[in-house]
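2 protein chains.
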Amino acid sequence: MKISDLGEFGLIARLRARLGSRFPGVLTGIGDDTAVLAPPGDRALLATCDCLVEGIHFLRSSSPPRDIGRKAAAVNLSDIAAMGGEPRWMLVSLGLPPETESGFVEELYEGLAEAALKYGARVVGGNMASLPGRLLVDVFLLGTAPEKGALLRSGARPFDLLFVTGTPGDSAAGLALLRAGGSSRCAERARLVRRHLAPEPRVAEGRRLASLGCVSSAIDISDGLVADLGRLCEESGLGAVIEAERIPLSGECVAASRELGQDPAGFALFGGEDYELLFTAPPGSEKAVREALAADGLEGATVIGAMTGAAGVTVLREGRPVALPARTGWTHFRSDDEKDAGHETEGAAG
Amino acid sequence: MKISDLGEFGLIARLRARLGSRFPGVLTGIGDDTAVLAPPGDRALLATCDCLVEGIHFLRSSSPPRDIGRKAAAVNLSDIAAMGGEPRWMLVSLGLPPETESGFVEELYEGLAEAALKYGARVVGGNMASLPGRLLVDVFLLGTAPEKGALLRSGARPFDLLFVTGTPGDSAAGLALLRAGGSSRCAERARLVRRHLAPEPRVAEGRRLASLGCVSSAIDISDGLVADLGRLCEESGLGAVIEAERIPLSGECVAASRELGQDPAGFALFGGEDYELLFTAPPGSEKAVREALAADGLEGATVIGAMTGAAGVTVLREGRPVALPARTGWTHFRSDDEKDAGHETEGAAG
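Chains as they are written, first to last, in the working numbering: chain A, 165 to 514; chain B, 165 to 514.
Because the hints were derived from the structure by calculation, they are not lab data.
Beta carbons: idealized from backbone N, C-alpha and C, even for Gly.
Incorrect hints may have been included.
[As the list claims (entries may be wrong)] Where chain B lies over chain A, by a calculated footprint (3+ residues, C-beta under 8 Å): (1) 188 to 199; (2) 277 to 286; (3) 315 to 326.
Could you put together the complete structure from these sequences and hints?
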């Protein structure tokens, strides 16, 4: 049934029945003018929003609705992860072409609710508006700050070590594979495509890192390692130097890059949407960081460089500085940003 | 300068400088992965989102950017008002055509921040995404619940009196005037158009009503008096009867209706976007409600009917039930919802 036949109220009633509304910490969920929530009295509150637009951030042809929902949740969960926080409550604002099928919206919502729940958050409200021509999924996520304080971008100190979780570049390699149009039957390719379409936010890693007390700053890599490092540097009033060879690349990323005739380090440095955590901690903290993550069976972190007192990001390759492209990572509003136009978009290596 | 030239980061830096980021209760504002907020420990938290879409909720030709911002803020502030709550923090998610001028976005943001501040809220974060073809303004608003508890839709009891603030119908009459294409030079017309383009959320009224302790339920009239009363009835598991003659109409609304050859009661009953409060309180509470609002110099409230045990909304006119159209108020996703297509849209009387 099309949502133009079912109507807004009918669709909301369906979603409400499907999602439920009685959760701990939720006094009133979907169905009133606002959600009424009971935050723990001793914690600060984290609030973020991020949206996915059809044709810009995803294509309906390559993303089933459940995956779109999961990814919209993941990009927001990743922001809470980068603060070391605990995701709690999600509101979802949808822009929907009137001809959308209600089953599509229900599956999208299930993807959102599923990803939220996996990391401890509940969908407690939202909005739907008619948006002819494009699907838009806007997520508003609330979390609570860690007891020892949120991991800000602004806390890095000169000579702090710079760490990254996981293997950056996978998402951009996955996107490049999707673009090249190959099948995803091979397990290695499938893993990279999955890393692009269904990223896993590092929520447990962020919380563990925040609990250590020694992590001085953090950001998630949504727009590319170099671009997001630039932001962290700016907020901390510092610079950074990284050694490209130290960035851990997955075997799949290296293999795919070879096949595509591309540079895997380019994917890792300038590709976006990895949703890994980039963070700093004082010299000598490497062992503590590694052991804490390993003890909880979490994704590991690797030292890739250090903070410097002088501003700016320097990338060394075989000891020599690499010229950085003016456009590193994803910046919106460029005319070549249409994903379906076949041009380079966010997540693509420069 | 176009935002496609300035880029996302450049635009964010401008907005951040313009809006500021150090406010009470805000530990970290714009510029980190999430906002970090310090809610008062003894109150529940209210969270809502609502969005305006170009061509559906507004036309650029009749709405300057500052007004679009104000209205996007107002529709969300009104939801907090309907809970009797205190607006606190706003996040703004924009979908922007790449050719948008940065000055346009800055003015839009100023309208948002100005309306928020007027009611005690601050803009603490947001997001911008490329949305070719249409401007979309999605607002997420957080507030705190009143000490005596939020005014829910579900609290009405049989035989409670039904009140409405202000003069419903003005917004729909203003929209009808805009559509009829007349100039707004005459002060009366200008006031109605203003009521449509720049509604004032009843935040102070909601807080005062919540503090009384006798108000049993409330909702704001965004989709039309009858449609929103239907929702309140549904959530309370009750029905309601209203007498159309009791609905207070403004002199301007009556005059405009006469001029347009339309029924002013139709504007009041089925027109949307009034953002007045519809609420219930026990029999005998009329004087207390009136006096409380008058003492604070607030918008008055009028008894227009009562709750009933039997489900459904009955509208009496000269003592006889009026046949209610199947479509009362604004429901999204209908093919005639395009504002610029010249068809009937939200806010229009049936």
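Quiz item: the region 188 to 199 of chain A covered by chain B? Criterion: 3 or more residues, Cβ-Cβ distance below 8 Å.
Solution: holds (count 7)
Self-check item: Stated coverage of the region 277 to 286 of chain A by chain B [criterion: 3+ residues, CB within 8 Å]
Solution: violated (count 0)
Quiz prompt | Coverage of the region 315 to 326 of chain A by chain B, judged on three or more residues with CB within 8 Å | solution = Contact hint for the region 315 to 326 of chain A vs chain B: holds, 3 residues under 8 Å.
Checked against the numbered hints above, the structure breaks only hint 2 and satisfies the rest.
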